[in-house]
Amino acid sequence: MLGSCWLGRYLRTLRRFWGTALASQLEYQLNALIELVAMLASLGGSLLVLWLFYRQGVELGGWSWHGALVVLGAYTCLNGLTSTLLQPNLSRIVTHVQEGTLDFVLLKPIDSQFWLSLRTVSPAGLPELLLGLALMLWAAVADQGRLNPQAVLATALVLGAAALTLYSLWFVLATTAIWFVKTWNATEVLRAALSAGRYPISAFPAGLRLLFTLVLPVAFLTTVPAEVLLGRSSGAWVLASAGVALTMLTISRLFWRLALRYYTSASS
Amino acid sequence: MAIVMARGLRKTFRVADKQPGLAGTLRHLVNRRWQELEAVREVSFCIEPGEVVGFLGGNGAGKTTTLKLLSGLIHPSGGELEVAGHRPSRRQRGFLEAITLVMGQKQQLIWDLPPLDSLRVNAAVYGIDDRVARRRIAELAEMLELGEELTRPVRKLSLGQRMKAELLAALLHRPRVLFLDEPTLGLDVNAQARVRQFLADYNRSTGATVLLTSHYMADITALCPRVLLIHQGRLFYDGALAALRERLAPWREVRLELGQPISAAQLGRYGEIEQLDGAAVRLLISPERLTGALNQLLTELPVLDLEVREPPIEELIGRLFHRGSVEPLPQQQR
Chain C
1 MLGSCWLGRY LRTLRRFWGT ALASQLEYQL NALIELVAML ASLGGSLLVL
51 WLFYRQGVEL GGWSWHGALV VLGAYTCLNG LTSTLLQPNL SRIVTHVQEG
101 TLDFVLLKPI DSQFWLSLRT VSPAGLPELL LGLALMLWAA VADQGRLNPQ
151 AVLATALVLG AAALTLYSLW FVLATTAIWF VKTWNATEVL RAALSAGRYP
201 ISAFPAGLRL LFTLVLPVAF LTTVPAEVLL GRSSGAWVLA SAGVALTMLT
251 ISRLFWRLAL RYYTSASS
Chain X
1001 MAIVMARGLR KTFRVADKQP GLAGTLRHLV NRRWQELEAV REVSFCIEPG
1051 EVVGFLGGNG AGKTTTLKLL SGLIHPSGGE LEVAGHRPSR RQRGFLEAIT
1101 LVMGQKQQLI WDLPPLDSLR VNAAVYGIDD RVARRRIAEL AEMLELGEEL
1151 TRPVRKLSLG QRMKAELLAA LLHRPRVLFL DEPTLGLDVN AQARVRQFLA
1201 DYNRSTGATV LLTSHYMADI TALCPRVLLI HQGRLFYDGA LAALRERLAP
1251 WREVRLELGQ PISAAQLGRY GEIEQLDGAA VRLLISPERL TGALNQLLTE
1301 LPVLDLEVRE PPIEELIGRL FHRGSVEPLP QQQR
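So the protein lines, in turn, are chains C and X.
With our numbering applied, the first sequence covers 1 to 268.
With our numbering applied, the second sequence covers 1001 to 1334.
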């Protein structure tokens, strides 16, 4: 009973959060339209680069044209999620710290990490998210001839884990604002590194491959989901993805709690 | 049983020490020097439920830091703190639901939307039922004289209307303890008076405890029978406002305009000379001697105009801190 009441409060809060976020954005219609156009241009650019490679007969790390499209689909999907939730919410943490409005979040009887991570939503990223999913499925069918329902289910899991990993990494970086106040640059570096996920990880030199697997989990974000969907990956990778995601999420929560001990609140 | 209790409260900040200019900036970038800043030092006080207490002190005296400690935003460096039966820095749900903090310089309302949208968000966050929330909004809006402002985008509201809406948002969950940091900052005289009246009504009707800082002494004199005076992080005085005035200024100020200049030696017989500028004189005279001295003045000197006034409290406090004599006054028996 207590659990359902607690859940109800969070769900109702989320509904209000997103309702007001949409209403705020509709105050500026043109901006929403521009975001949509920018997204389509970015996807078109990625497709063009891939097409140029394969037209010349260059195979990226042993991946077929359609296989590489699955990776691009996974990237597009995560990029859509970034534009929908991560970027709008997590980039505000820095502003909250700088202007001292984090105080209002901390004064509320609700989990502050929940508030900071889901306060707003930008629907301009949704088409990209759906487009990415569609691209993944279409390219997988084109490559394999058919889709294995088990593989689709496993891909959903791995993609979910990828999203969680990406979120946690970003949240930890944004949290460092508590100490350093301005950390936009750090999140920009992260975003740039993650754009490496457009292409299969095996297309990169060995050194970068190691970096993208162990240090920045780019491999887990796009290549692993693609491999799972194409049926080339074992269950161990699925488990590893979930493990990485849960570990990262736990780290982000602990890190946030630690950071709050050092919060000094911008003076009024 | 006190609802707010601070014992030996301390807060130290580490702040960067940066010299101006390019050389200073480069040195700051490579080799940062830090200074320990004691914002709050060994502050102790108790507040009983329903009290309205004014928190006085100059800029940087430690008022806001203390309020942030009390509301759990920052962790104390030492000492004990209890508010509404909780330790603030743990930020438990029961604690956060029992308090509110209003900051005159920061706003929580969503800029592009009407206040009503922000109020709905707050209702959800505090787990207040829609029906109850509607009733409370109506009640508070009436007390605050807010009407159609609630359905107009916040960015279109005047500062006074916005502050009233901020107050509504901060009080929707019926907190038992109100921490108000400069709630009337920047408001015109009418809006200040209305906010003040609202706070007095709210305290009377709900029995909520209020701790208030303000730069406007009128807020403090109108609302707070008791004041805490803080200077350089130390609690300097805790007691009745009237008693503080008597303590700081056991005299009245008498302004005279004379028909002709009188020598200082001659004027010195009536009281302490504060200012002597030709025929314009300001004398300080103790309340017991006041009637006699005025009689003498009027009969013995060519007085054209005369005015007696109580020195404004902010002037007294300013003078006190300027003098630098900041030995804490003995605590009032309460």
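These are calculated hints, taken from the structure and not from any lab test.
Glycine included, every Cβ here is placed at the ideal spot set by N, Cα and C.
Mixed in with the good hints, there may be bad ones.
Said to hold, decoys possible - To give an idea of the chain C side of the interface with chain X (calculated C-beta under 7 Å), a few residues: (1) T13; (2) R16; (3) S24; (4) L30; (5) K108; (6) I110; (7) D111; (8) R253; (9) F255; (10) R257; (11) A259; (12) S265.
Said to hold, decoys possible - Here are a few chain X residues that sit away from chain C, every Cβ distance over 10 Å (derived from the structure): (13) G1072; (14) L1096; (15) I1110; (16) S1118; (17) S1158; (18) P1250; (19) R1309; (20) F1321.
Query raised in the report: So which of the earlier hints does this model not fit?
Result: Per hint list: 4, 7, 8, 9, 10, 11, 13, 14, 15, 16 violated.
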